[in-house]
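Visitor: Now for the letters of each chain:
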Amino acid sequence: MTFMQRAWRHKSFAIGATLVALLILTALLSFVWTPYPAGEIDVPNKLKPMSAAHWLGTDSLGRDVVSMLLVGARYGVAVGLIAVGIGITAGVALGLYAAARRGWIEELIMRSADFTLAFPALLTAIMLTAIYGPGLVTSIVAIGIFNIPEFARITRASANAIWTREYVLASRACGKSRWHITFSHVLPNIANVLIVQATIRFAIAILAEAALSYLGLGTQPPTPSWGRMLNEGQAMMYQAPWLAVWPGLAIVFSVLGLNLMGDGLRDLLDPRLARQR
Amino acid sequence: MRGHRPHRDLIIGIFLLRRFATFVVTLAAASVLVFAALGILPGNAAEVRLGESATPEAIKELSQKLGLDRPASARYLSWVGGMLHGDFGLSVSYDTPVATLIGERLAVTAPLALLAMTLTTVLALALGLYAASRHNQAGDVGVMAASQIGIAVPNFWFAILLILLFAVKLRWFSAGGFPGWDDDPLQALKALILPAVSLAVVQAAILARITRSAVLDVMREDFVRTARAKGLSQRAVLWRHVLRNAFVPVLTVMGLQFANLVTGTIVVENVFSLPGLGRLVFQAINNRDVLLVQGIVMLLAATVIVINFVVDVLYAVIDPRLKVHA
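From first to last, the protein sequence lines stand for chains P and U.
Take the first sequence: its position 41, counting from 1, is numbered 41 in the working numbering, and each next residue is one higher.
To convert, count from 1 in the second sequence and add 277; that's the working numbering.
Be aware that one or more of the hints could be misleading.
Said to hold, decoys possible - 27 Å max Cα-Cα, derived DSS-like pairs, lysine-lysine: (1) P:Lys46 - U:Lys446; (2) U:Lys446 - U:Lys467; (3) U:Lys342 - P:Lys48.
The set of hints was computed from the structure by calculation and includes no laboratory data.
Looking at chain U on its own, in the form it has when it is part of the complex (with noise of 0.2 Å):
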């Protein structure tokens, strides 16, 4: 069996190796599609941000404060260049670094998206598990009915009945806003609460159908009915045997559902009136200040690749069928 280790050690290395070069390209790729969207086709941003009454002194004077008179490939490279070294670039609405707001917003953003996965895993996996045990019976139909509600519940709506609940008939919290982690950590939380339960609810609503699924699937494999016949009890075959197996898909769709929650968290920054990204990104294109979306935009393109890659290495710790796919 220890002649296999460097064997296999070598398979996931090249595996990874290979992912690697795929996720760089693809950032790059990711970055060159921003830039030509927003940095070069909307023609030329002093203008679009001073109007059409604008005169042409006016105009030439704020191209050269944002650097447009230079060639577009030139202005693509000091992008990228500037991003590397945490340098997005100036707001024109702000007059702040674009590094400076996306880095206080992020405060708000960051927290209630890892709360909102967080409350997702936790409520999907024991819903998933819970229905797989109870297979065809009353308590596996109501989660899978339930589920089937959920996914049909825009996050959005399920926010605001959540505000007329809870903070218009009962006055258990309030109905948005953010006081900040300086004043009180602990109201600020509990201001996260109510946009990451309903960031998770309609996500866990998938994830346990997946991982219900999931489980089931592989308690039907021949290996866990050796595991049983050798005697292990029903918890060492479900913790040891099944839900490692069963993990991977349940990974995988835990990635896909990351670009959910990007996007969630802007709708619900939104519903809650809570200062995080999503609600900088659209002051950003009220102002017009094209240089801080395309900041946000590749910042939340960014997370969604580097997730992606990062599911991907997972699979290789955690997937032992991996090397036939290497």
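Only chain P is shown next, with the shape it has when bound in the complex (with noise of 0.2 Å):
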């Protein structure tokens, strides 16, 4: 059985997939069409409840709720990717040197991964935005510095499993370098276990960043954001209670998604269990 039908029997895989690739078809969407102008101000057409002209109702402006959805999706996926990102490329780095060199160069690199995680994305942002003010490019690098001990973490780990292998004792026999099986052995032994962890860490992400555009440390107005929809529907509730739920369920329904693929190539992508299937 091929990978791609065993990945579409496994049911968690294929809901997390499509609920992954509705989140980036609607973010790409976003670019080329949205009902209205997103972020239109309409107030004669304030706080329409659902309907044909307005699918998802209108905000305390008059803008149109399906349109502001789709362009935040960009802006979930743009922070995810950029975060994970930042996460992946240094911490995989440091953790592959510290498994590569162990000693005392390892000791470093993971005690100060622990220090880090003293340091949750949020305290980060706050720091950052009491310093350079609040934005998109705050909230990136927060959840980016807070995303690179994981990373380094799980590789290091990853990696000395990997180092204890017979074909890499035979690559050293052979003289190879550290970095040459750091390259032509190890990294490619971990990529499964580090797809996982960044599809999971694109989850926390969004979280990540709703929360913090919800707090306001985020992306500022007038682009739209899932977190900023809920705080200004939060201050509507009374009047118009559904635009504090439809971005909640956006947000739900891409963790899920993506939170549900990541289960699902861990199990696809470990061939202990693929061998048992």
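These two chains come separately, so use the hints to put the complex back together.
Guide: Given below as structure tokens:
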């Protein structure tokens, strides 16, 4: 059975991948089409409930909720991708270096990773905001920094396991350098673990971005973001409760999709589980 | 057997000593980072606070008041020295000691965090044990599906949904605010219930999954089979052998979750307009009160570091295999 066939039979993966595909398509669609220009203020039509003209209604400034959700997806995906990109680049490099060098360098890198965990993304964002003011870059950097130790730890642990394998020993006996072994044996063999981790961290990044935007530390007006839509929706809770529902559902489906896809990938990419199938 | 006891105590003693040294170094490093980020990098806090139109004299005066004319190392040492004596400096925007402000707000944040963690633990252990005991049956599948959704729900959105249901629709609770402990302690506690539930339900979703898999892992171990074979009842096996061993991974995750709880509390306090540390730090950011932000961030980071330390110490007490790692 090919990988794709196995993948589509795996329920978690199939549901997760479908939701993730929807999220990405939504984000891409927003570049070419939205029912109304996102952020276009139309006060006479404010707080309209669901209708044929406005599928999910309008907010307190008459902006179309569907259009804002579509464009919000774009920023959620972008923040997730860049923040995970920062985490994976720096974290994997540090983890591989720690595993290749061992000794005090490994100890130093891993203790630094432990230390960084004392500063969750929100605390880093608060510090950055106090200095540079709120904004998209602040939230990306804060979430990115928070991802680095997570990737460093998982890379180092998986890489250490590969370094004890016999084929690595054979390669060392042949006189190959640490860096040659790292890039030709270690990295390809831990790629699966990293893909799974990246999927799950992407989900966490979307949650973190939403929280930061909700608090006003992330994406700034007039750029639409799901977190800020929830903040504005909360203020209109008595007049238009639906405003506080749709952006939340968009976040839940995105995060659920990524988590299910990550769980599915973990099963599918683990050769021990694959053989049992 | 008695001969092993002092040996094990010694190993645990060395482990605790090493862990304590790491704890102190981590705290010191955190204080340097917070000070470097907020005390040095932004330039002159007086300039930032007074804005672009400020006169040089005004900046100089405020700099002297804030002690910014001294070298960074001296400022760092007096900041850390002060904190060790409970003096976090003076808040510029409130003209009140930072420690007093933090103390007042902790009266909301600490009970909220404690209530949320208690709810999380009770809910997660109950659901995790229930799912493990119904492994692969409808109950297990239901708990796992619910927890998968729970993990995907942002706590602040769940908080908004709780307000929509219990405050807007049913009118059982107020939509936010805090009456204070002095006037009516029961009303104050009631004001913390929805925030604590919104924090706990999302955290419990993760912890329930960990509890379930930890219990299932331990139940497959040989010593559990042996305990059953020697005639112990299912309940005795569960309480005496399974839970104690399964508690180690559960405790690890609880420790890690504490960092989430700290940040979650900041967010949820803002949803419910609770006058806790989370609100205070945002007011401090808006007022450009760097020393206040510095104090709160340091306190929150230190809390996470202390909890991680306590969790490691608890391992030594709980985990019978620790001697191998030490």
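Visitor: All the hints need checking, so say for each whether the structure fits it.
Guide: Evaluation of the provided hints:
1. P:Lys46 - U:Lys446: holds (22 Å)
2. U:Lys446 - U:Lys467: holds (17 Å)
3. U:Lys342 - P:Lys48: violated (54 Å)
The structure shown violates just one earlier hint, number 3.
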